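Under the numbering used here, the first residue of the sequence shown is numbered 246, with each subsequent residue one higher.
For the record, the hints were derived by calculation from the structure and aren't laboratory data. The structure presented is a predicted model; accordingly, all values stated were derived computationally and were not measured. Hints are supplied without guarantee of correctness; some may be wrong.
Stated by the list, open to error - As a list, the in silico DSSO-like pairs of lysine-lysine whose alpha-carbon atoms are at most 27 Å apart:
hint, residue 1, residue 2
1, Lys630, Lys567
2, Lys454, Lys521
3, Lys418, Lys454
4, Lys315, Lys541
5, Lys418, Lys390
6, Lys454, Lys390
7, Lys541, Lys521
Claimed, not checked - Label pairs and their calculated CB-CB ranges:
hint, residue 1, residue 2, range
8, Asn545, Arg448, 31 to 39 Å
9, Arg397, Asp539, 39 to 47 Å
10, Asn618, Asp284, 54 to 62 Å
11, Gly474, Asn256, 14 to 22 Å
12, Arg331, Pro280, 30 to 38 Å
13, Lys454, Glu250, 37 to 45 Å
14, Arg397, Pro371, 26 to 34 Å
By construction, the Cβ of each residue, glycine as well, lies at the ideal position given by its N, Cα and C atoms.
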Amino acid sequence: MTLDELINDWNGLPSKDARIPLLNDETLRDGLQSPSVRDPDISAKRDLTHRLARLGVDAVNLGMPGAGPKALAAVRALVVEIRDHRLPIAPNVAVRTLEADLIQVAEIQQRSGMPLEAGAFLGSSPIRMDVEGWDLAFLVATARKAVAFCHRHEVPVMMVTEDTTRARPEVLKAIYGAALDEGAHAICLSDTCGHATPDGVRRLVQFIKEDVVQDRSVRIDWHGHNDRGLGVANAIAAFEAGADRLHGSILGIGERCGNVALDQLMINLHLMGFPKGDLSDLPALAELVAELCDVKIPANYPVLGRDAFRTGTGVHAAAIVKALHRGDVELADAVYSGVPAALVGRRQEIEIGPLAGHSNVVYWLEMNGYDPNPDRVDRILRVAKNSTRILSEPEIRAVL
Numbered sequence: 246m247t248l249d250e251l252i253n254d255w256n257g258l259p260s261k262d263a264r265i266p267l268l269n270d271e272t273l274r275d276g277l278q279s280p281s282v283r284d285p286d287i288s289a290k291r292d293l294t295h296r297l298a299r300l301g302v303d304a305v306n307l308g309m310p311g312a313g314p315k316a317l318a319a320v321r322a323l324v325v326e327i328r329d330h331r332l333p334i335a336p337n338v339a340v341r342t343l344e345a346d347l348i349q350v351a352e353i354q355q356r357s358g359m360p361l362e363a364g365a366f367l368g369s370s371p372i373r374m375d376v377e378g379w380d381l382a383f384l385v386a387t388a389r390k391a392v393a394f395c396h397r398h399e400v401p402v403m404m405v406t407e408d409t410t411r412a413r414p415e416v417l418k419a420i421y422g423a424a425l426d427e428g429a430h431a432i433c434l435s436d437t438c439g440h441a442t443p444d445g446v447r448r449l450v451q452f453i454k455e456d457v458v459q460d461r462s463v464r465i466d467w468h469g470h471n472d473r474g475l476g477v478a479n480a481i482a483a484f485e486a487g488a489d490r491l492h493g494s495i496l497g498i499g500e501r502c503g504n505v506a507l508d509q510l511m512i513n514l515h516l517m518g519f520p521k522g523d524l525s526d527l528p529a530l531a532e533l534v535a536e537l538c539d540v541k542i543p544a545n546y547p548v549l550g551r552d553a554f555r556t557g558t559g560v561h562a563a564a565i566v567k568a569l570h571r572g573d574v575e576l577a578d579a580v581y582s583g584v585p586a587a588l589v590g591r592r593q594e595i596e597i598g599p600l601a602g603h604s605n606v607v608y609w610l611e612m613n614g615y616d617p618n619p620d621r622v623d624r625i626l627r628v629a630k631n632s633t634r635i636l637s638e639p640e641i642r643a644v645l
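Put together the whole structure using the sequences plus the hints.
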């Protein structure tokens with residue numbers, strides 16, 4: 246039987262939706278707003294941009310040029326890098342709806358001769374309006390002025406409302422409507438505080454499509470955060486409801502609990518029938534981001550963590566080994582794994598520890614060139630059963 250015949254998939258068949266999700270990487274902007282990360286140098290950012298392009302990411306946020314001279318220099322350098330190397334990735338930046346920020350985008354675009362999308366953001370929720378002392382007339386006028394400025398300078402602009410998932414519909418309709426009237430080509434819905442649930446996301450996107458965008462040709466972006474642990478689920482819900490481009494960062498780094506984990510989102514989209522590229526580079530990319538930004542990848546991090554395809558449990562190991570002895574690597578990769586390890590260039594790993602069985606030990610011995618005779622197996626198992634953790638390779642060899 247084929248693997249498809251052996252798995253009854255309650256998720257259903259891969260979606261036949263004609264739309265292909267676009268992906269926007271936020272590692273170099275929102276990712277670096279995490280208070281726990283280190284800001285890499287420009288050469289490292291160049292390398293990361295190349296890797297994202299090879300991975301099949303469609304767009305990249307290069308930062309906030311208005312944050313200071315260092316940020317401005319990085320954006321300028323990365324735009325030139327994308328232009329000179331003809332990278333198939335569209336650059337964008339985050340800017341306040343202030344002329345001082347917008348002028349910088351226009352200047353970078355003019356000097357480089359390359360389109361640079363301005364993601365002009367503006368708070369929209371009642372709680373933010375109350376804190377700032379804003380009223381709707383001020384927000385509408387600010388959005389209109391900012392987008393009109395970009396339109397005059399031929400800067401492509403995406404109108405971003407902060408805290409969209411806690412904003413009133415009439416406010417969103419007024420802000421986005423004004424922006425679209427002035428020439429915005431895209432709008433972005435933001436779950437700035439990680440408040441939304443998948444049902445809430447679907448209702449929001451449906452409202453935007455039916456009451457705001459209507460029949461206009463406008464790209465809808467989704468920018469989510471992970472405060473409730475729903476970042477990836479919300480991004481998928483947004484796409485299914487009609488969003489065109491999804492934002493995320495490698496390893497989900499970002500403010501507070503982070504952004505949508507772009508790596509996890511890509512894996513899920515692939516398994517849903519929306520492959521974006523060769524994902525075998527994902528582990529190396531994640532390790533690079535972890536090193537450059539000085540963050541650790543948790544052992545149980547989905548797909549990329551040390552333990553993602555690793556087991557020390559006897560029952561699990563026995564099933565994997567049986568599949569391998571049949572010569573069916575694909576079956577072994579699926580019997581105790583919801584994501585094929587081979588998808589990201591990894592393989593199933595069997596360890597020896599307190600919960601190990603004979604299969605764990607026999608597999609290790611065979612993989613390391615030892616005859617798995619009963620005496621060796623029993624001696625290693627006795628040590629493993631009395632251990633409090635997985636045995637290291639030196640510990641196993643010491644028993645042998």
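Violating hint indices (sorted, rising): Going through the list in order, the structure violates no hint and respects every one.
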